[in-house]
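Visitor: In case you want the letters, here they are:
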Amino acid sequence: MNGPVGITVSGSGRGDGSLGWTSARAAVAGGHGPVRSLYVHTPFCVHKCHYCDFYSFVDQRDQQGAFVERLIEELRAQAPLASGAPLRTIFVGGGTPSLLREDVWRRLLSEMNGLFDLSLIRSGAGEFTVECNPESATAELLGVLRAGGVNRVSMGAQSFEARHLRTLERRHDPERVAEALDLAARAGVERRSIDLIYAVPGQTLAEWEADVRRALALGTTHLSCYNLTYEPNTAMTVRLKRGEFTPVDDDLEADMFELAGALLAERGLERYEVSNYALGGIRGGQACAHNLAYWRQESWLAAGPSASGHVWAGPDRRAGGHRWKNAPNLGAYLAQSDGGYAPVAEHEAPDRARAVRERIMTGVRLSEGLDAAEVMADAEAAEPGSGTRLAAAAAELEADGWLASASGRWRVTARGWLGADFVARKLMGCVGVA
Amino acid sequence: MQIRNFSIIAHIDHGKSTLADRLMQATKAVSAREARAQLLDDMDIERERGITIKASAVTVMHHHTPGAAADDLEENDPAAPEGEAALTGGDNAHGQLFMLNFIDTPGHVDFNYEVSRALKACEGALLVVDATQGVQAQTVVNAYLAINENLTLIPVINKIDLPSARADEVAMEIEQVLGLPAEDCIHVSAKTGIGIPQLLAAICERLPAPAAPRFTQTRGLIFDAQYDDYRGVIVYARMFDGSLKVGDKIRMMGTGRSFQITDIGKRTPKPVRVPSIGPGEAGYIVAAIRSLADVRVGDTITLDNDPAPEALPGYKPPTQVVFCDFYPATTADAKGSDFEKLRDAIEKLSLNDSSFTYIPVHSEALGFGFRCGFLGLLHMEITQERLEREFQTEVVQTAPTVTYQVVMHDGSRLEVHNPAELPKPGTFDEIREPICKVEIILPNENIGDVLKLCSERRGVFKSQSVVGENRQMLTWEIPLAELIYDFYDKLKAMTSGYGTMDYEITDFRPNDLVKVDILINGEKVEALALICHRQNADFRGRILLKKLQKQIDRHQFEIPLQAAIGGKIIARETIKAFRKDVTAKCYGGDVSRKRKLLEKQKEGKKKMKSVGRVDIPQEAFMAVLDQGE
Ligand SMILES: Nc1nc2c(ncn2[C@@H]2O[C@H](COP(=O)(O)OP(=O)(O)OP(=O)(O)O)[C@@H](O)[C@H]2O)c(=O)[nH]1
Ligand code: SF4
Ligand SMILES: [Mg+2]
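Just so you know, the sequences run in chain order A and B. First residue of the first sequence: 16, per the working numbering; consecutive thereafter. First residue of the second sequence: 587, per the working numbering; consecutive thereafter.
Rather than coming from a laboratory, the hints here were simulated on the basis of the structure. Some hints could be false.
Said to hold, decoys possible - Calculated lysine-lysine pairs in the DSSO-like style (CA-CA distance at most 30 Å, straight line):
#, chain 1, residue 1, chain 2, residue 2
1, B, Lys706, B, Lys934
2, B, Lys1171, A, Lys256
3, A, Lys256, B, Lys1191
4, B, Lys1182, A, Lys256
5, B, Lys1191, B, Lys1133
6, A, Lys63, B, Lys1180
What the hints assert, rightly or not - Away from chain B, derived, C-beta distances all over 12 Å, residues of chain A:
#, residue
7, Arg178
8, Arg186
9, Pro189
10, Thr236
11, Arg298
12, Asp331
13, Ser382
Every value quoted in this text rests on a predicted model; they were computed, and no experiment measured them. For every residue, glycine included, the Cβ atom is placed at its ideal position computed from N, Cα and C.
Next comes chain A alone, as it looks inside the complex (with noise of 0.2 Å):
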């Protein structure tokens, strides 16, 4: 995005221009606190991947220090949301967090230790992941990590095989993965997790295999499988147009997920979410706490250019939260500040049905699954009717074989674990959707 965002807030846009953006301020001041957890977005990154729509970017112009500023001023801003309550989780991402300097990164944890109550995290009981790229995560960074609080890195391997990376132009060493997670252990990082990639172009199951069992060697407590999306906008999906090359087909990537599925199983990681395997699954303690807070629909505050957050409007979390998402623009995160607050894309202000909405659909990502009596009482209490329905999908579903439901809670079967969106989608349209 280039000059001026376009920022719209619904229903509080000024109209006369003379502001011409609108910030985060309306939708975290309408939040209700104490909010528990926070994301960070970095926007820099060495080289931009083909498959990447995140936002993200090559910085040539040396914008760390004014960067990590504004954000510091944005925390300040937020941070009363927080209420002086511990913070329960922390997740830095991008872009590769890992790229800011070691002199950077000390500021920025100075700052957030000063900002937040960092106890929980600092005890343990809490967790503070930062993404790590495996050639820019040196010891040197990495103690400094650990030092401002940071008990959690998730590695962006996405694959061993260096053919793979070249398709996905992710350009690291495959070889540096393995160091860098060492690093990270002598560092005193106690929980590392891997992210890998599946279903590249040219991939075979048997390449994907020998991927998910060089990630089980490493000693990972925690994998993140995900397929090759071809998202809009990007240089793999032209290229796919272009037809540069054919993508896997969807039986293979199908094998692909339940083969993954399969052999981590046997070493003791489970799957709770689609794409997340931990051990011992969500109760062995080492599933993403922050990422769990998004699946349950918690509050949490967002800073950083393209960042997005959530905060409850009240303390009744039926009548749904507000979200926003920062402008994806640094120019304009560095030049507009409303009080610290950053300019917004896009503000949602909350609404029942949409909130029931979004608890099914990251709901039935979950092994845990969805709790059937609450989840049709707030469906109804938004729209009277959609309750019932909800529970004639739900049987409907069960017969087909893509959910079960047992001790109240409706979860997808082995096989509903890849028609997630399907059932989603077939639950949702019972709440709210003319």
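Chain A is already provided as a structure; the job is to place chain B with the ligands on it using the hints.
Guide: This is chain B with the ligands only, laid out in the frame that chain A set:
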């Protein structure tokens, strides 16, 4: 003042509408400021596709010096009145005043009926021929339409500004093929204006004035009509006897209904009110006509208090050759309001285009809709598009078929416009299909390919003749069913665009025709059934199933697709159950986007037609069109 009424006719793209632009500009009906290319093509579809679909009638004023071979154009006289003002006045330094009423017509075969209607309102016609293309199939057809109406023709060779123009050769072609003397041709460029003074002079000199009235009573021919939300039906009429003025009480001789005229005007091309229209003139009439059923194109208008003893000949109704069903695209609600909206749209459109037919139908899969008949595939496509654009409807269209005649055991005949209506096997003697006489004009070097195409399409060779140096005309008999699909596209491709064709139904002949049923998940879907020659049934069935296999999304269960004749399965395919319907990521920032995506996909499903538990997208109903290779 003298009057000349003429149509501009030609093969498609030979420059009729551009010539109309020049005539309007030369006579100062349109100022340079208002001018734009193909001004009379005012429908969006016409402008987008660059073709004329509707005939448009215009009145302009011109001064002609009797006996002169070229006129002095008002265009070049800054003092000459412009636009509306040019309508009044009399003879002047530029010559005698002539009122020219002309109609720009479409060139595509499917809109031939528009041409025939226009010709009935005229005494003459300009036959335009592209100097680079020469005589083409529709040149011949349109010329004969005019000759059969006893019109005087002026051959006009257009586009002489182009370096590849071969005007003299084309003049010879016109003489050879149509018998119009080569020296009668006027050479023009509708683009640069060369030859326009000569053309205007020829129009005044050579075309006859309207015949003297036959009756003392008033008679006007309705040659077009249009529905306007505010003014009701607007009627375009050509006066043959007597005149009409505002306030007159008129009677439609066919429908018997009477109305009072509130407004009379002419398109110049801007609509301009006039107090009356007299014998030989054309104009539009507004008379608070609210009911579409009260007006019929081809009807005669007379005065209520002094009606004419007999109506004008009117129009021979056209024969529709291609049929398909239109259904509202959105799932009809309980009140069926989508259907009512479609009915309203179709009725209004049929006023403006009286050449398509419609009758209500009901289909298991698609609900309530209309079986419609058209003059060709383009006509069908344009009609669907006009319904959607001009009347904000959304239409699902089934694959087109031709009319079949079924001869029953008792000798009675049944006309079938839809495979679903075909009686059960064993209850009839034979099925007859429409056979066309097809005339193709093409370059010599492509004859081999085209002969092959014609025989593949079950054609029978009839004759071959020479048209000019390098071209020939082939005459074949080919079943219409084989023509309506991609025959014309194939011909165009084989001849690098130079081949042109015309066809008319001459006959119905028995053939070994069978109905191929399509079953989706075990359920017969009538809207997908087709009738074809037995020898093509396997092939057509297989192509259709393959196409459906691509167009129907994988469902949560396996879907068998079958093609069958009677009870016998002739082809089968399956759509495997989907194994994967899940996206990888759904993090904090993805929630809103993903939610909207899932909701949109769900909405998309609602627009599909479902057969049993299978959702079928609308395009699938057209799958039958693809003949494959
Ligand atoms: N060079 C040149 N081009 C011309 C001339 N007359 C028309 N054209 C071009 O020929 C094309 C077709 O012109 P139209 O006036 O739309 O033809 P038409 O006969 O009305 O076409 P249909 O209504 O579709 O049958 C356009 O691109 C015109 O610009 C001419 O005298 N010289
Ligand atoms: S490193 Fe990550 S954020 Fe950066 S371009 Fe690659 S995929 Fe995108
Ligand atoms: Mg035209």
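Visitor: Hint by hint, note whether the structure agrees.
Guide: Each hint tested on the structure:
no.	hint	in the structure
1	Lys706/B / Lys934/B	holds, 23 Å
2	Lys1171/B / Lys256/A	holds, 22 Å
3	Lys256/A / Lys1191/B	holds, 25 Å
4	Lys1182/B / Lys256/A	holds, 24 Å
5	Lys1191/B / Lys1133/B	holds, 19 Å
6	Lys63/A / Lys1180/B	holds, 23 Å
7	Arg178	holds, 21 Å
8	Arg186	holds, 22 Å
9	Pro189	holds, 21 Å
10	Thr236	holds, 20 Å
11	Arg298	holds, 21 Å
12	Asp331	holds, 20 Å
13	Ser382	holds, 14 Å
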